[in-house]
Amino acid sequence: MEIAVSPSTETLEALKLLVVEVTQANIDPTGIRDSANLFNDCGLDSTSVIDLVLSIEDRFGVSIDEDELVVTLFQDLSKLCSLIEAKQLDAEPVL
Amino acid sequence: MKVLGISGLENSVHFKKTKFRTADEREYRISQGHDSAAALIVDGKIVAAASEERFNRVKHSGAFPIGAVRYCLEEAGLDVVELDEIAHSFNYSGWRHMFSMSPESAELYQEVFSREALLKLVERDLPMYPQDRVTQVDHHLAHAASAYFTSGWDQCLVVVIDGMGEMDGATVYSAVNGTLKRIHRVSANNSIGIFYSLVTLHLGFDFNSDEYKIMGLAPYGAPSRFRNFFSNSVLLKEGGSFSIPPLQLNKTPAERESYLATRRWLTNNLVKERRPDEEITPIHEDVAAALQERLDKTLLHLCGHFARKTGLRRLAMAGGVALNCTANGKLLESGLFDEIYVQPAAGDDGSALGAALFRASRRGAINNKRMPVPFLGPAYSMEKIDAALRDFGDRITIHCFKDVNETAVKAAELIAAGRVIGWYRGRMEFGPRALGNRSILADPGHPEMRDRINAMVKMREAFRPFAPAVTIEEAPKWFNLPGTKEHPYMIMTVNVREEYRLDLPAVTHVNGSARVQTVSKTDNADFHCLLKAVGTATGREMVLNTSFNVKGQPIVNTPREAMETYLGTGIDHLFIENLLITRSSTPPP
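Going down the list, the protein sequences come from chains A and B. Each residue of the first sequence is one higher than the last, beginning at 1 in the working numbering. Each residue of the second sequence is one higher than the last, beginning at 1 in the working numbering.
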C-alpha cells in the first residue's frame with residue numbers, strides 16, 4: 001500500500017491521544033513530537049502494541065494485518081499516521 | 001483428505017524455567033501451549049482425538065503430542081507419510097517482526113513460537129514427514145473452527161475466549177456457509193481469562209488449571225463484598241468490548257512474565273495472597289463469588305452485543321474460558337440465543353481438532369455435523385484387558401457377565417447399596433470430562449457421598465461438587481432445563497428442581513445448581529443402559545459421575561491405569577467392560 005507523505009494534523013493529534021490512552025504513560029499528548037519513537041518516547045512495548053493496533057482499528061475504522069506490524073512502523077509516529085490515512089482511503093465497509 | 005491437527009508448545013515452560021527462575025513452581029504455568037493433543041480428520045470425519053497427557057501421564061502436558069499422534073495413526077491404520085497435512089494450532093509468523101524488538105523476545109520467539117521451533121520437533125518425532133506439509137493456524141481461529149465445524153449449523157455467532165492465543169484474549173466471528181469472519185477481538189492485555197487465572201493463583205490454586213475450582217468455590221460466597229472491586233477492574237465498554245486496567249500495570253520483562261505488578265495490586269487492594277496449604281475462609285469465597293459474577297456479566301456483555309449486532313441467534317463457543325459451566329449456564333438462561341453449543345474439548349486440546357478442521361475446510365473436505373459425545377480416544381481389546389488383569393494376580397477377584405445388560409443390573413445394585421464403582425468401557429473421552437467411559441459413579445442420593453468420594457477416592461478439596469449424569473428421558477423431571485433439554489457434554493450449569501434438591505445432596509451445589517450431563521441411547525448406549533438399570537434399583541435414572549482419576553493425575557487411559565487407580569483408592573468395585581473386579585480382601589458382592 002502506498003503511504004502518503006504528510007499526514008494531517010487532525011489524525012496526528014487523535015493518534016497522540018490514543019497512544020497515551022493505551023500506554024497510560026504520564027506524558028502530555030500535545031508534547032509528543034510528530035516523529036516520536038513510540039517505544040522510546042511513549043512507553044509502548046511488545047504487549048501494548050496490539051492494544052494500540054486494536055484501538056487504531058476502532059478509532060479510525062481501518063484494518064491492519066499482523067504482517068504489516070513491523071517495528072519501524074512504531075518508531076516514527078508520522079509513518080504510522082500516514083499508513084492509517086492511506087488505509088482510510090481504501091477502507092471497505094465493516095460489518 | 002487426511003489432516004492431522006496438533007496443539008501445544010513444548011518449549012514454553014522449559015524456556016520460562018531457564019530465563020525466569022522462581023521459587024514458586026506454580027508460576028511456570030503462566031505460559032502458553034499447555035494441553036497438547038492430536039486429532040485426525042479423514043475425508044471430513046473426525047476419526048480420532050486424544051490429549052497427550054493421557055499417554056505421557058503428565059497432567060496438562062504441553063509436550064509434542066507424539067503419543068496422541070501415534071494413537072490417531074494407529075486408529076486409522078495410516079502411516080504418517082500418508083497424511084496430507086499436519087496443522088499446528090498456533091501461528092506466530094505474522095508477529096515475528098514485533099518479537100524482534102528486543103533480544104529477549106527474539107529468543108522467546110525463536111525457541112518457543114517460531115515455525116523453526118515447531119519443525120525441529122516434527123523432525124525429532126516424525127522424521128519421515130515432509131516439512132512443507134506442516135501448516136499453522138491462528139490459535140483463536142483454530143478454536144473457532146473447532147466450535148463452528150462441529151456445531152452442525154450453517155450460520156452462527158462464534159465466540160472464542162481463553163487466556164491467550166498469540167496476542168488475542170477473546171475473538172468474535174460470524175460464521176456463515178462454511179466461512180469464519182472475525183468481527184471483533186480483545187487483546188491478551190485485556191484477557192478476562194488471564195485475569196480470572198491470576199485471581200485463581202492469588203487464592204492459592206494453580207494458574208491455567210484450577211479455574212474450575214474457583215467456579216466451584218464461588219457459590220459458597222456472597223458477591224456483594226467485592227462487587228465494586230471487580231466492576232472497577234473489568235470495565236465493560238461500548239461495542240461489546242471490555243478492558244482490564246490492572247493487567248496493564250506490568251512494565252518490566254519480569255513483571256510481564258508473571259504479572260507480578262497485577263498480583264501485588266491484588267494483595268494491596270483485594271486480599272492477601274493465600275498459600276495453597278492455608279485454610280479457605282469466607283473472604284476467599286466472597287472473592288470467588290464476585291469474580292465469577294464479573295465473568296458472567298462480561299460474557300453476557302460481549303455475546304449480547306454481537307448477538308444484537310449480527311442478528312445471529314445461535315452461539316458456538318470454545319477456548320478455555322468456555323469450560324466455565326456457570327458462565328455458560330447464565331448465557332443459556334439469558335435468552336440471548338435460541339441455542340448454545342459449547343465444543344466439549346473447549347480448552348487447548350480442542351484447538352488441535354480445530355486446526356485440523358480449519359485446514360480440511362480450506363481444502364473443501366469438511367462435513368459440518370454436530371459432534372457426538374466425543375468418544376474419540378483409544379479402546380482396548382479383551383486380550384489387552386486380560387493381560388493387564390493377570391498382572392494383579394491374587395490381589396483381585398473377577399466375575400464375568402454375559403453382556404452389558406447383566407453388567408448394568410449388577411452395577412446398579414452396587415450403586416443403590418451405596419458403593420462407589422469405577423466404570424471403564426470402550427473409547428476414552430476427548431476433552432476434560434469423563435462422560436461415562438472412564439468414570440467413577442455413585443448414588444447422588446446419599447448425603448455423605450460427596451465427602452466420601454472427595455476424601456477417599458479423589459483425594460481432593462471438600463468444597464468441590466460432583467456432577468449428575470441422567471437419562472435424557474428423566475432429565476426434565478429433576479432439572480430446570482431452559483432451551484434445549486440435551487446437555488450431553490457436562491458443560492452447562494442448570495438448576496436442580498427445588499423440590500428435589502434435598503433428595504440429591506451429592507450433586508446439588510449450595511446454590512441449587514448442578515453441572516448436568518444428559519445421556520441418550522445414541523450418545524452412549526451402554527451408559528444409558530446402566531442409568532436405566534439404576535432407575536429400576538433406586539427410582540432415579542441418575543448417577544453421580546466424576547472422572548476416573550485422583551487429584552493431580554490425568555484421567556485413566558489404559559486398563560492397567562484403571563486397575564492401579566482402583567487399587568490405590570477407596571473405589572469399592574471396578575467394572576471393565578463386562579468384568580466386575582473386586583479386591584480379594586473385600587467379600588465378593
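Hints are computed from structural coordinates only; laboratory data are not their basis. A portion of the hints provided could be inaccurate.
Unchecked claim - Residues from chain B that face chain A, not an exhaustive set, calculated with beta carbons under 10 Å:
{"#": "1", "residue": "T18"}
{"#": "2", "residue": "M167"}
{"#": "3", "residue": "V186"}
{"#": "4", "residue": "R256"}
{"#": "5", "residue": "L260"}
In this text, all values refer to a predicted model and were calculated from it rather than measured experimentally. The beta carbon of each residue, even a glycine, is placed where N, CA and C say it ideally should be.
Comparing the hints with the structure gives:
1. T18: Violated, about 19 Å.
2. M167: holds (4 Å)
3. V186: Cβ of V186 (chain B) sits 8 Å from chain A, so the hint holds.
4. R256: Since chain A brings a Cβ to about 6 Å from R256 (chain B), closer than 10 Å, the hint holds.
5. L260: violated (14 Å)
Hints 1, 5, counting from the list given before, are not met by this structure.
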